[in-house]
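Participant: Residue-level listing of the chains:
There are 2 protein chains.
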Amino acid sequence: MGSYGKVPEAVIRRMPKYYRYLSDKLLQGEERISSSRMSEELGMNASQIRRDLNCFGGFGQQGYGYSIGKLRDEIAAILGLDRAYGAVIIGAGNIGQALVHYSGFACEKFRIIGVFDVRPEAIGKTVAGCAIRHVQTLAEFARQNRVDLGIICTPKEAAQETASMLCRLGVRGIWNFAPTDVEVSRGVRLENVHLSDSLYVLLYHMKQQGDLTEGTK
Amino acid sequence: MGSYGKVPEAVIRRMPKYYRYLSDKLLQGEERISSSRMSEELGMNASQIRRDLNCFGGFGQQGYGYSIGKLRDEIAAILGLDRAYGAVIIGAGNIGQALVHYSGFACEKFRIIGVFDVRPEAIGKTVAGCAIRHVQTLAEFARQNRVDLGIICTPKEAAQETASMLCRLGVRGIWNFAPTDVEVSRGVRLENVHLSDSLYVLLYHMKQQGDLTEGTK
Chain A
141 MGSYGKVPEA
151 VIRRMPKYYR
161 YLSDKLLQGE
171 ERISSSRMSE
181 ELGMNASQIR
191 RDLNCFGGFG
201 QQGYGYSIGK
211 LRDEIAAILG
221 LDRAYGAVII
231 GAGNIGQALV
241 HYSGFACEKF
251 RIIGVFDVRP
261 EAIGKTVAGC
271 AIRHVQTLAE
281 FARQNRVDLG
291 IICTPKEAAQ
301 ETASMLCRLG
311 VRGIWNFAPT
321 DVEVSRGVRL
331 ENVHLSDSLY
341 VLLYHMKQQG
351 DLTEGTK
Chain B
141 MGSYGKVPEA
151 VIRRMPKYYR
161 YLSDKLLQGE
171 ERISSSRMSE
181 ELGMNASQIR
191 RDLNCFGGFG
201 QQGYGYSIGK
211 LRDEIAAILG
221 LDRAYGAVII
231 GAGNIGQALV
241 HYSGFACEKF
251 RIIGVFDVRP
261 EAIGKTVAGC
271 AIRHVQTLAE
281 FARQNRVDLG
291 IICTPKEAAQ
301 ETASMLCRLG
311 VRGIWNFAPT
321 DVEVSRGVRL
331 ENVHLSDSLY
341 VLLYHMKQQG
351 DLTEGTK
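Taken in order, these protein sequences are the chains called A and B. Each residue of the first sequence is one higher than the last, beginning at 141 in the numbering used here. Each residue of the second sequence is one higher than the last, beginning at 141 in the numbering used here.
There's no promise every hint is true.
Claimed, not checked - With a cut-off of at most 25 Å between alpha-carbon atoms, the simulated DSS-like pairs for lysine-lysine come out as follows: (1) 296/B - 249/A; (2) 210/B - 165/A; (3) 157/B - 165/A; (4) 296/B - 296/A; (5) 157/A - 146/A.
To be verified - Here are the computed distance ranges between Cβ atoms for each label pair: (6) 183/B - 153/A: 12 to 22 Å; (7) 166/B - 195/A: 38 to 48 Å; (8) 281/A - 349/B: 19 to 29 Å; (9) 241/A - 253/B: 35 to 45 Å; (10) 207/B - 187/A: 39 to 49 Å; (11) 151/B - 295/A: 28 to 38 Å; (12) 271/B - 241/A: 19 to 29 Å; (13) 251/B - 149/A: 41 to 51 Å; (14) 251/B - 285/A: 35 to 45 Å.
Derived from the structure by calculation, the hints contain no laboratory data. For every residue, glycine included, the Cβ atom is placed at its ideal position computed from N, Cα and C.
Excised from the complex, chain A in its bound form:
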């Protein structure tokens, strides 16, 4: 599978939704699906679904719909889920521990291979079978294990320092849960999960909705 340099970010962000949807269909024992049924069940425009999939070369055949298993595997390959990844979590607080346990990562090849912290009371404990080590040992760990990805779950004050350290150790991606923005080296990909940002957007819409409702009373 080659590289798709010009695919719009919005299209890429819809691919996981297709992947989840098709995985569920497979589990339910279904084999083929039309873009019109996908459209109905996903609440999306059928032509948008076709256009999105065409960004990656197109699958399916006019009038025959898609083979669910094949399409799902293709999307898995597009997303890079056909490769193995080793990830480390820095910060074994609540979010860090939740991620170690989290079963929502439907990619068997994505493995959390190390959990690191600086708090003396955390070091040596285990989370889901994974021992919590001191961050000072991370460089040595990264020499002995292939670490593709770092997950930052530290307090925001430590986030940039952690990101810089992970970049120096050669990770290719950083998944940042600290409630702040961090800078990464060229060539390292960054994805932020700012939970409070998502909450604020929800509160904004709730307020707008409330104001509208009150306005019509």
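Use these hints to put chain B onto chain A, whose structure you have.
Facilitator: For chain B alone, kept in the frame of chain A given last:
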């Protein structure tokens, strides 16, 4: 503060970033800031920042920059952070517990007032001082307490049922962490946090980056 019916969603999604940034500046004791310095430190176009803020009526005065405290308070009001919210969490698993503990919600008026689960082994335990109750008692709880918002942290199989129940109980917003899409009643606002989607987007970009790097070797 009125309602801003036509503000593009992309603008709204940038407001929490401004809010976080200005809150940090305030903590550092700063008082005024120019859009050009904001632009530099946020890594965003200065004219975009001005346009974004103008969507809500504009603040600041040409050549004088913004009063950080005033702008932050205005953004807080825009986002609805000047109001009080009571939230319940359904599903006291790892993600649910992490959210109860999570200190990243910089809005003092947002409070988690109840945590609910169905697992016998969870009921009666406490998380951050909050007793875990059986979901069967949620309707009664919602009659006695103002529940503005429901946070779904259940397994995906229970997510839709939970969303429907929360809508019947009159919540105005649902924050969904279950790895599936749910439908809500008209007038109820929904915000999804699909953690694996965010990871997949990161893995996609890492794969593209890797392919590009290998391609130039």
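Participant: Are the hints correct? Go through all of them and say.
Facilitator: Results of checking the hints against the structure:
no. : hint                      : verdict
1   : 296/B - 249/A             : holds, 21 Å
2   : 210/B - 165/A             : violated, 51 Å
3   : 157/B - 165/A             : violated, 37 Å
4   : 296/B - 296/A             : violated, 30 Å
5   : 157/A - 146/A             : holds, 20 Å
6   : 183/B - 153/A: 12 to 22 Å : holds, 20 Å
7   : 166/B - 195/A: 38 to 48 Å : holds, 43 Å
8   : 281/A - 349/B: 19 to 29 Å : holds, 23 Å
9   : 241/A - 253/B: 35 to 45 Å : violated, 25 Å
10  : 207/B - 187/A: 39 to 49 Å : holds, 48 Å
11  : 151/B - 295/A: 28 to 38 Å : holds, 29 Å
12  : 271/B - 241/A: 19 to 29 Å : holds, 22 Å
13  : 251/B - 149/A: 41 to 51 Å : violated, 35 Å
14  : 251/B - 285/A: 35 to 45 Å : holds, 42 Å
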